[in-house]
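Novice: Sequence:
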Amino acid sequence: MARIYQVPSHTRLWLALAVVLCSLPQLVKGPLWQAGLLVLVILIRWLVEQQRLMLPGRMVRSLLLIGAVALTFYSFGRLYGPQAGVALLVSLFALKYLEVVQQRDAYVVVVLGYFVCATALLFSQTPGMFLYVVLCMTVLTTCLVGINHSDTRASGLLHGRRAVVITLQAVPLMVVLFLLVPRVAPLWNMQVGGDKARTGMTDSMSPGQISELSESAELAFRVDFQGDVPSRAQRYWRGLTLSHYDGRTWQQAVPQGQSESEYLYRRGTEKPDWYQRLESRYSSEQQRYRYQVIAEPTQRRWLFSLAVPFPLDGDMALAKDMRLVANQPVSQRFAYRVESVPAAAEVIGLEGQERQLMLSLPQDGGSRARGLAQQWRLESGTAADSARDIAQRALRYFREQPFHYTLRPPRLTADPIDEFLFRTRRGFCEHYASSFTFLMRAAGVPARVVVGYQGGEQNELGSHLLVRQYDAHAWSEIWLDGQGWTRVDPTGAVAPERIELGLREALENSEDGSDVLDDLGLRRFSDGGLFATLSQWMDYVDFRWQTWVLGYDSAFQYELLEDLLGAVTPVRIAIALIVAVTLLMGLYALFLLWQSGNEKLTLMEREYWRLHQRASERGRPLVAGLTPMQLCQAISEQWPQAAVAAENWAKYYQKLHYDPLSPPDKQQKRHLRSLRNRLYKLLD
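Residue numbering for the sequence shown follows my numbering, starting at 1 and increasing by one per position.
To be clear, the hints were calculated from the coordinates, so they are not data collected in a lab.
A quick note: this is a predicted structure, and the numbers were derived from the prediction, not measured.
Pairs of lysine to aspartate or glutamate residues, derived as DMTMM-like cross-links and limited to a Cα-Cα distance of at most 25 Å, are as follows:
{"no.": "1", "residue 1": "669", "residue 2": "605"}
{"no.": "2", "residue 1": "681", "residue 2": "647"}
{"no.": "3", "residue 1": "29", "residue 2": "218"}
{"no.": "4", "residue 1": "681", "residue 2": "605"}
{"no.": "5", "residue 1": "271", "residue 2": "260"}
{"no.": "6", "residue 1": "669", "residue 2": "659"}
{"no.": "7", "residue 1": "669", "residue 2": "684"}
{"no.": "8", "residue 1": "271", "residue 2": "339"}
{"no.": "9", "residue 1": "651", "residue 2": "684"}
Please build the complete structure, drawing on both the sequences and the hints.
Specialist: Put into structure tokens, the structure is as follows:
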């Protein structure tokens, strides 16, 4: 027996549109076969509705199901996990649309659609994706409205308008629940980026790595300060501390004999001695910077901050070498709050195995550099400030010799240190930081390399800073008695404009900088015009979205509720929630009552009531509820001369109003009005 298609015709297009829109985010980044499957399903549904094809039977649908599962396993190597799970869900969603016949089937597709469109937020939480999900939900709501209408002359556009009204009515309630319901970890906090490509800094540094990274204008992170903002020359965003050198590459290292609990401190664990000394300086030091960082995903654990960072959130740790470490790889945008006290570095000690690590050098390589460093050591004598004097000699050497700052240095092959210091003398920041640190260690001064970012440009529409990949930088730190670890940036001795003004200005002043700027496309970020203004606005909206919506965690909520309620207790939160929801429901009820009392009349209804009121005003009052022919008869009894005109109006009115197959056009409406106006003259 043939199955009867129970979904109204005016809703079928909306249902197909909902399936496509909800699946689109996965189709864009998913395997190609998923798009082919959806196209096949839509084509079959179209042929079925055109009565050119029968709906596929159970056997065909089963084969498609098995094929979708097999292809998902082939594409992802598994059927579980965020990527594979969402891909399988989208495929099953498309196949479910293929078997929609009864109204119940359409309900299942719509409910599945809400889940499918929400999965897009697992992989992207930008404002644009949020608006897209709202659009999908509105289309799904349109389908719900249309499914509950009979297959009459109901308009699909009318369903869409009603769905928009329903969605807008839900927004205030959504905001109330978002603000007051206790915060829990959202679904998009799942680690969904484990197999994505890593971006940004690596955990080592060799000649050429940072210069390659600086060729990108992608965003690294944003910073929003609460209070004073350091000058551009002081914005050193440290990420990694590199202590081990093998003759070419600098890498992270932990002194021998130290456990992770001694070198890394997490909130809630036992505080090591070095952190207790930092805390004592933290409470007494006046100069500090409090800020929030929103880092872009890197698939790595290290974070970026000014020196010396004190984490204000519990999902990261602080290492003794003053770097921040996240508890999990940063696979999504990650917001964290920090308070930095630069002077606190003075109290961190350097003893035993750690000092040996900061003085270690490979046995081979850099012979001329070692000789130069030993000469500086002998000339500086044994004075207490000899380490500072040696550092000044090294900086003077960079300034006085013909060194050049360039993003495209020549390749260093056999002996990177000696080749750079005595032959090529052309390099980027990693060349200067690496050679300077080598010279310091060769002269007996504990030193290490720090990599991160330097600078940051301010968004003119807001107060936050944007740090991009081309702000990547490397510098050195040396140990000075009584001062602890002290930053020394040898790049500033060669190209001070790099530190004071930024990479673009430094390249413009270099001999090959103009060509480099043109080749890398970095000029457009400093040029004004419509593009720059639009970029500023887009960044500002995205930043506020990150801080006010995605950054609305339990700590943020507690501060807000404390300002609103005075004290944050379960009872007060429950009362506020009940009052807010009750107030909204009351406003909705008043609006519905007002709307029901002011229902808009259709054009045909207005036509009828105008004649009814004119006849009541000119003669005896007429009762309500008269049919058009009864109204015609009442007029003929009071005004016999108008009987023919009234009958013509009534017949024409009934023809236009009660014929579902031919709605009145403009010419017919004008003719009906002319009949009524002619009747008006006979009533005077």
